[in-house]
Each structure stands twice: as C-alpha cells, then as structure tokens.
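With the hints as constraints, model all of the structure from the sequences given.
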Amino acid sequence: MSGFPSGDTRKLVLVRHGRTDWNLAKRAQGHTDIPLDEVGHAQAQAMAPFVAALRPSRIWSSDLARASQTAAYVAALTGVTVEVDARLREYSVGERSGLTRVEFQERFPREYAAWLAEDETCLVPGAESTADVLARMVPALRSFLAALGPGEVGVVVTHGACLRAAMLELIGLPLSADAAFATMGNCTWSTVQEAEFGGRLRVAAYNEGVPAHDFASGDEVG
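Numbering-wise (the working numbering), the sequence shown opens with residue -3 and increments by one.
For the record, the hints were derived by calculation from the structure and aren't laboratory data. Don't take each hint at face value.
Quick list of the computed label-pair ranges, beta carbon to beta carbon [unchecked claim]:
| hint | residue 1 | residue 2 | range |
| --- | --- | --- | --- |
| 1 | Val206 | Leu20 | 39 to 49 Å |
| 2 | Thr117 | Gly147 | 20 to 30 Å |
| 3 | Leu20 | Arg51 | 39 to 49 Å |
| 4 | Pro146 | Gly94 | 38 to 48 Å |
| 5 | Arg51 | Phe177 | 19 to 29 Å |
| 6 | Gly145 | Thr96 | 40 to 50 Å |
Glycine residues also receive a C-beta, built at the ideal position from the N, C-alpha and C atoms.
And the structure:
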C-alpha cells in the first residue's frame, strides 16, 4: 500500500463564497457576476481568520466577483496571492439566470419539471449539465491537490452547486448521494484530504462555519 504518513496528507479546504443580493432574493446566479452584499462581506471577514489559521500555502478562486472577493479576505490574513481560475465557476444556468424558482417554473415549465426530476436531457437554453461542470471542476481540483507539497493545505473559493457535485466525484460517490449532504451555507467550508493509505480522497469536514453564517441561500444555483 502507498500513501503519505498521516502528518503529510495534503488537504483542500473548499469554501463557498459569501452572500449576494441574488442569494438573498433566491435568484439563480450561475455565471452572472454578482458581487457580495454587505452581509456577504461580513461573512467573509468572519470566516477568514478560521481558514487562515489552517495556514494555506495556496489560494485558488473562481473568477466571479463573489468568490474572488471572498478569497481576498483569506489572502489578506495569510499573505498568499489568490490564483484565479475560471474552471471554478458555478454551473451556467443559461436563460434561467436572474430567475427565482417561481419565475423559472412559469417561464420554462418543461425544463423546470425536468430539473425537479433531476433529468438533464431537458435543460434551459445555455445551461451546463453536471457532466459539463465536472469536466472542468474535477481536473482543476485534482491539479490543485497535486500542486501541494506533503502536509500542505490549499484553499479553493468557489460556488455551492458545482462544489457539491465535484466533491462527490472526488470521493467516489454517485451524484445521487447529494441528497445526503446539507446545502452549503455562504462562507462555510468543507475539507477533503488524502487518505493515509491508498491514495483516495475523503471528507474530513463538511459545512463548517461560524454563527454569522446562518444566512444560507438555500439550494438555488449560485
């Protein structure tokens, strides 16, 4: 069997961005570049000392403002430069962008019914499938982990829906297992790390945060 000794396992700390106005209004964001709102900045500021205390050697972020603004708070406390990567973007929701769930149902009833049934053969025009998202997210996360030295920690600031899907793929669970995981709150973090032996990844922590993070945005894509 092979692997690092337990003290040398590499870890990725996966952070969901802070709240935005569209999170609050429960509007699907996707690739629309919505910045943090006042609460989102407060969440990021509260989260940063906890994540910085993990002493990350690298910080990666989605190129969308809500993620890069969140990452900047961790960078300010660690002195580590944020590396922006568009592969970490949220699912593109196409023409659903900006819609609440009620508006989605009214405007795209067929696609809404398919979405409820988890049927990705009928997507809103311009939307990405889970396969599309995993094809960019998973290689990115694997490359980040590979870039770390033994025992090092990397921080990845990204988005809730794409992050859950990618995390399941990384640890070898089917997408259907998503129902067993609570929605990731804004500015909460989860940790995946190498197993001591065998080279597999496992979840070391999920949806961690501080009391100010009671502002989860539900399961809208953003």
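Hint check results:
A C-beta distance of roughly 19 Å is found between Val206 and Leu20, which places it outside the suggested range of 39 to 49 Å. Taking the beta carbon of each, Thr117 and Gly147 are about 44 Å apart, not inside 20 to 30 Å as hinted. In this structure the supplied range 39 to 49 Å is violated for Leu20 paired with Arg51, their Cβ-Cβ distance being about 33 Å. Taking the beta carbon of each, Pro146 and Gly94 are about 45 Å apart, inside 38 to 48 Å as hinted.
For the hinted restraint 19 to 29 Å between Arg51 and Phe177, the CB-CB distance of approximately 27 Å keeps it satisfied. Take Gly145 and Thr96: their Cβ atoms lie about 45 Å apart, and the range 40 to 50 Å holds.
Violated hints, listed in ascending order, are 1, 2 and 3; each of the other numbered hints is respected by the structure.
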